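Student: Here is how the chains run, residue by residue.
2 protein chains.
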Amino acid sequence: MLVKNLISCKPPHLLRCFSTLEPPRVLRTGDVLRHRRVYSSEDIVEYSQVSHDSNPLHFDAESAKKAGFEDRLVHGMLVAALYPRIISSHFPGTVYVSQSLHFRSPVYVGDIILGEVQAINIRENKKSYIVKFSTKCVKNDSKILVLDGEAMAILPTLAMEQVESSAAV
Amino acid sequence: MLVKNLISCKPPHLLRCFSTLEPPRVLRTGDVLRHRRVYSSEDIVEYSQVSHDSNPLHFDAESAKKAGFEDRLVHGMLVAALYPRIISSHFPGTVYVSQSLHFRSPVYVGDIILGEVQAINIRENKKSYIVKFSTKCVKNDSKILVLDGEAMAILPTLAMEQVESSAAV
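For the record, the sequence lines run as chains S and U. Everything in the first sequence is counted per UniProt numbering, starting at 1 for the first residue and increasing by one. Everything in the second sequence is counted per UniProt numbering, starting at 1 for the first residue and increasing by one.
So here's chain S without its partners, still in its complex pose (with noise of 0.2 Å):
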């Protein structure tokens, strides 16, 4: 059945169907990767749990309201572990040198998160690669921007893992 496939995708931009005959794509100043999640009670519940974070706003309704929300909030630290969790997916090994967060608005449970980083910069050091990002986090398909800022990490290769869920463009 592979066989049969293979011989059928005789155009070789066809070829890029199967991801074992997909040559290494290569990340370049500009390229853009991405990565959507929607967290769950659950997820702050655990987060919790790990970060020691109690933070009642992120538990109790009452709370976030009288502090201006709709409801309780996600830990906006769990949100920004999406941009590492995106680099180091594509670029295993990945080293973490700085990052920026600017949180402009509140994410609630159930709110579909797009997390995109940008790399503007692109630094050949030794062996490795310093690469500056851009980091954004926007919501529900719209144009609402939660979070922004700057990352600068350290990359073992410029080659990028494929990752199911995840695109550059």
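Hints may be right or wrong, so weigh each one.
In this list, chains with the same sequence are indistinguishable; a pair is considered to hold if it fits within one copy or across any two.
[Unchecked claim] Taking lysine to any residue and the SDA-like style, the derived pairs with C-alpha atoms no more than 25 Å apart in a straight line are:
no., residue 1, residue 2
1, 126, 114
2, 66, 97
3, 127, 163
4, 126, 37
5, 136, 104
6, 65, 160
7, 139, 41
8, 136, 150
To be clear, the hints were calculated from the coordinates, so they are not data collected in a lab. As the structure is a prediction and not an experimental result, all values here were calculated from the model.
Chain S is fixed; fit chain U onto it per the hints.
Tutor: Coordinates of chain U only, in the frame set by chain S:
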């Protein structure tokens, strides 16, 4: 027994030994809040599960050594979570506005990490307070800087809740 102790604590400064009698401590510019934590292998596994960050640097000592480290690393963003944890434990209902993070040295399982936030600017805003903190983590009771930066947060009050194992100095 409590009554006896109360009576024996006649000089006003000794009353501070009873937390129930302690007046609310109010945050002032220059105050430092601290929290000490040691990360375990289980913390790495739990954080990886909730953040979906499974960079091999956190699980495979060989990958970490290849990248120039002594052993596998605790996730930097988990260490960074100390800051909102420290601030919101003293000021429940705190809303995070921004955080900058510069990862200076690796954190390994078993390292004793001391997180510190220092109030460097306090501004009243309607019925809340916008506070700028310098933030840092050092390790193993030495001067090895692990992580530094700044945070901005909106506190609902400057009256500080007393938290075990933390101290304002």
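Student: Now tell me, hint by hint, if it's right for this structure.
Tutor: How the hints compare with the structure:
no.	hint	verdict
1	126 / 114	neither (33 Å within a copy, 33 Å between copies)
2	66 / 97	between (37 Å within a copy, 17 Å between copies)
3	127 / 163	within (24 Å within a copy, 46 Å between copies)
4	126 / 37	neither (35 Å within a copy, 35 Å between copies)
5	136 / 104	both (10 Å within a copy, 23 Å between copies)
6	65 / 160	between (43 Å within a copy, 21 Å between copies)
7	139 / 41	within (17 Å within a copy, 33 Å between copies)
8	136 / 150	both (8 Å within a copy, 19 Å between copies)
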